[in-house]
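Chains R and S are the protein sequences, given in the same order.
Read in the UniProt record's numbering, the first sequence has 66 at position 66, and its numbers run on one by one without any break.
Read in the UniProt record's numbering, the second sequence has 174 at position 174, and its numbers run on one by one without any break.
In case anyone wonders, no lab produced these hints; they're calculated from the structure.
Be a bit skeptical, because a hint or two may be false.
Unchecked claim - With a cut-off of at most 35 Å between alpha-carbon atoms, the simulated DSBU-like pairs for lysine-lysine come out as follows:
| hint | chain 1 | residue 1 | chain 2 | residue 2 |
| --- | --- | --- | --- | --- |
| 1 | S | Lys520 | R | Lys108 |
| 2 | S | Lys423 | S | Lys268 |
| 3 | S | Lys415 | S | Lys268 |
| 4 | S | Lys268 | R | Lys6 |
| 5 | S | Lys423 | S | Lys482 |
| 6 | S | Lys423 | R | Lys6 |
| 7 | R | Lys108 | S | Lys383 |
| 8 | S | Lys638 | S | Lys423 |
| 9 | S | Lys268 | S | Lys482 |
| 10 | S | Lys482 | S | Lys415 |
| 11 | S | Lys638 | S | Lys482 |
| 12 | S | Lys415 | R | Lys6 |
| 13 | S | Lys638 | S | Lys415 |
| 14 | S | Lys638 | S | Lys268 |
Said to hold, decoys possible - Some chain S residues close to chain R (C-beta under 8 Å, calculated; not the full set):
| hint | residue |
| --- | --- |
| 15 | Ser342 |
| 16 | Val361 |
| 17 | Gly380 |
| 18 | Gly382 |
| 19 | Lys383 |
| 20 | Pro397 |
| 21 | Glu551 |
Beta carbons: idealized from backbone N, C-alpha and C, even for Gly.
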Amino acid sequence: MHPVRKQRLYLVLFIIVFSSAAIGLVAYAMRGNINLFYPPAEVAQGNAPVGQAIRVGGMVAEGSVQRADDSLEVRFMLTDFEASVPVVYEGILPDLFDEGQGAVASGKLGEDGVLVASEVLAKHDENYMPPEVLEALEQSGYDHKGVKQ
Amino acid sequence: MIPEMGHFALIIGLALALLLAIVPAWGAWQRNSHAMALAPRLAIGQLVFVGISFVCLATAFLQDDFSVAVVANNSNSLLPAIYKFSALWGNHEGSLLLWSLILCLWTAAVALFSPQLPLLVLSRVLAVMGAVGVGFLSFSLFTSNPFARLLPSVPADGNDLNPLLQDPGLIIHPPLLYMGYVGFSVAFAFAIAALLGGRLDASWARWSRPWTNVAWAFLTLGIMLGSWWAYYELGWGGWWFWDPVENASFMPWLAGTALIHSLAVTEKRGLFKSWTVLLAIFAFSLSLLGTFLVRSGVLTSVHAFATDPARGMFILVFLAIVVGGSLTLYALRAPAVSSRVSFSWVSRESLLLFNNIVFLVSTLTVLFGTLFPLIVDALGMGKVSVGPPYFNAVFVPLMALLAPLMGFGPVSRWKRDDTQRWKAELMLPGIAAVVCAATLPLLGADYNLWVALAVLLAAWLVFGLLRDIWFRIGGISGFPRKLGRLTPSYWGMVMAHLGFAACIIGVVATSQYSIEHDLKMSPGDTDTVAGYEFRFLEVAQVRGPNFVADESRFEVTRDGEVVANLAPQKRRYLAGGSVMTEAAIDAGLFRDLFVAMGEPIGEEGAWAIRLHYKPMVRWMWLGAIFMAVGGLTTALDKRYRRQRSRAATAAREVQYAS
Chain R
1 MHPVRKQRLY
11 LVLFIIVFSS
21 AAIGLVAYAM
31 RGNINLFYPP
41 AEVAQGNAPV
51 GQAIRVGGMV
61 AEGSVQRADD
71 SLEVRFMLTD
81 FEASVPVVYE
91 GILPDLFDEG
101 QGAVASGKLG
111 EDGVLVASEV
121 LAKHDENYMP
131 PEVLEALEQS
141 GYDHKGVKQ
Chain S
1 MIPEMGHFAL
11 IIGLALALLL
21 AIVPAWGAWQ
31 RNSHAMALAP
41 RLAIGQLVFV
51 GISFVCLATA
61 FLQDDFSVAV
71 VANNSNSLLP
81 AIYKFSALWG
91 NHEGSLLLWS
101 LILCLWTAAV
111 ALFSPQLPLL
121 VLSRVLAVMG
131 AVGVGFLSFS
141 LFTSNPFARL
151 LPSVPADGND
161 LNPLLQDPGL
171 IIHPPLLYMG
181 YVGFSVAFAF
191 AIAALLGGRL
201 DASWARWSRP
211 WTNVAWAFLT
221 LGIMLGSWWA
231 YYELGWGGWW
241 FWDPVENASF
251 MPWLAGTALI
261 HSLAVTEKRG
271 LFKSWTVLLA
281 IFAFSLSLLG
291 TFLVRSGVLT
301 SVHAFATDPA
311 RGMFILVFLA
321 IVVGGSLTLY
331 ALRAPAVSSR
341 VSFSWVSRES
351 LLLFNNIVFL
361 VSTLTVLFGT
371 LFPLIVDALG
381 MGKVSVGPPY
391 FNAVFVPLMA
401 LLAPLMGFGP
411 VSRWKRDDTQ
421 RWKAELMLPG
431 IAAVVCAATL
441 PLLGADYNLW
451 VALAVLLAAW
461 LVFGLLRDIW
471 FRIGGISGFP
481 RKLGRLTPSY
491 WGMVMAHLGF
501 AACIIGVVAT
511 SQYSIEHDLK
521 MSPGDTDTVA
531 GYEFRFLEVA
541 QVRGPNFVAD
551 ESRFEVTRDG
561 EVVANLAPQK
571 RRYLAGGSVM
581 TEAAIDAGLF
591 RDLFVAMGEP
601 IGEEGAWAIR
611 LHYKPMVRWM
621 WLGAIFMAVG
631 GLTTALDKRY
641 RRQRSRAATA
651 AREVQYAS
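Kindly generate the complete structure, drawing on both the sequences and the hints.
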């Protein structure tokens, strides 16, 4: 074979092997590390898997935030006004987290139906609402104040 | 009145951009030297008018003209003057104007600083940049006019700038990032001009190389500042979140890194020509994709300003035209410019090819992870998010693969090299690196394998570079004189590679050795983190220009000696009533101490407090600064100027011939 062609062949083979390895790596990394979003209504219906990383988003129900006295544990309810999901989180909440505001919690759902959150995201300015929360509310047919549309 | 002047100037800017896109291109096609000679003047005119427009908007911000919608929505009379100015780009409309201004700056810079470029090439390059300008200026004017007025009901005061953005880092982060993003349009324009002319040779690579390196350096600085800002301002102590918008700036950087290396091969050896062109198109397309992702609001992110589907549509169509058009041109023209030079497997070309493959694969995996949620959502398969674990699992091994071969790069020779020579040259650096890896991590908290690996790779790069410098100056005799003889482009490479080594160390040591305590503390409490004793002294009320804050005061001691006094704040901004955490950091080359306040707990004045010990976190930002300085240094190389004057004679000949 012509040496230039031979070099090209090796190059192509190398690229194929290398990119398959990369694709394998991507597939492997993807398997455990993507998490699906569920609106509270679906979690309440039992559609969300237990013990897998998921995200749940909705409004933080008025009067539901309870802080422990001796640790950083916080309990609150995320609601789309059709159903609510209890969330427990230990740590420091974002600045704009508050009752009656939109929030997304990511974590694992326990057997008892409580979401053990490892991260809580709130909106980051006055006028902004996480798109997932907006959509969850659209599905439940309420606006962000809990008024049926 | 001033906003209307700004609006009018922006319209004239668009008109000049249109002329710039059409007239020189027509001139280049018809070989009409009068039409081509207009290109630099049009480019400067475009800069002047867009500049006027920018100044007008800045004036509206500084004068608190709340009849202008963006000012009313993003500024406030209480805001310190410097933040009134930077509020200009703290919103969609203004940041787009800044983008356009920077594009005009680059266009004018190409027009001014390449008088020796053949007029034919210059006019093509400027025409392509003019076309990009038309895209962005019409985007600004038609979908997001920054000068829209709120008449007749003018609000008494503005809504205030998002407190997160009231920060020195945010004054310079967007301009630097945009300098980088938009700077790739120069590389893109050179690539398209070369495809149009059908001449892709070493001189083309030599012209476009300094521009690309400078753009890359700015992008590096912009990304670094963003990471640094996130670290101290978001109050979580994290420095990289694989947030889609971070990825949006990171992807052009990865593709740009591949591009600057591939340009080196094209300039020195005339190889990889079509590949380099493709990378230039790719890097700029990723910049545009980044804009689309950020501005269309399809992603949940810190950076997503209030959004509008029409804007997303506009950028998507623009992106489709740019990518589709340039790839079509590439498909039509690229085969005509392929090269016929060969190289052996053991050579610098192969190493750079490997670099390109690694960076391209990293770009694609980051792209995939960023777009995957959008694809899944578009297919109606639910809303997923791809988190940092995915990116870390894919990206870290790729970079770890890169570093070992990177050590061979500087000592390797073009065309054909010899593994025996490599072995002889690099035996000593290799041994030194292994010794470092075995000993240095002992200085940390405990011997950690990941840190040892990072030290091994970084030391391998550093000692390889030292060995190469030693080899080039040929020993200690005449040492300073010979050191001075090494070219700026060589020093630039050395600095950038040293910066990469520092980044490896910083990233791995911080991730492995950081200690984070989140706990409840009352005044008088103490907590010890990594030998540092944090004593919570008191909480005080303080007042800033436009906020009131609870300030908690901490004294940090180590072995009885006071190391630092830290005072993090919880601020409530008066205009919007929003609450913001201001972390307090004691920075050091080898460790950062970080304190941030959470929320008050219980009745007795206790607070949720976050205490972090972050070793070597500065190293990755220092590394990024080194890379950027390296990138800027290469552009100083004399050969870019010398070769241009030689090109000038050729240019004149072309001019007379046509």
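Right, here's what the structure says about each hint:
1. S:Lys520 x R:Lys108: Holds - the C-alpha atoms of Lys108 (chain R) and Lys520 (chain S) are around 25 Å apart, at most 35 Å.
2. S:Lys423 x S:Lys268: holds, 25 Å
3. S:Lys415 x S:Lys268: holds, 10 Å
4. S:Lys268 x R:Lys6: holds, 24 Å
5. S:Lys423 x S:Lys482: holds, 25 Å
6. S:Lys423 x R:Lys6: Judged against 35 Å, a Cα distance of about 26 Å means the pair holds.
7. R:Lys108 x S:Lys383: The hint holds at about 16 Å.
8. S:Lys638 x S:Lys423: holds, 33 Å
9. S:Lys268 x S:Lys482: holds, 23 Å
10. S:Lys482 x S:Lys415: holds, 26 Å
11. S:Lys638 x S:Lys482: Given that 35 Å is the threshold and the Cα spacing comes to 17 Å, the pair holds.
12. S:Lys415 x R:Lys6: holds, 17 Å
13. S:Lys638 x S:Lys415: Given that 35 Å is the threshold and the Cα spacing comes to 24 Å, the pair holds.
14. S:Lys638 x S:Lys268: holds, 15 Å
15. Ser342: holds, 6 Å
16. Val361: Hint on Val361 (chain S): holds, closest Cβ of chain R at ~5 Å, below 8 Å.
17. Gly380: violated, 12 Å
18. Gly382: Nearest chain R Cβ about 5 Å off; hint holds.
19. Lys383: holds, 4 Å
20. Pro397: holds, 7 Å
21. Glu551: violated, 16 Å
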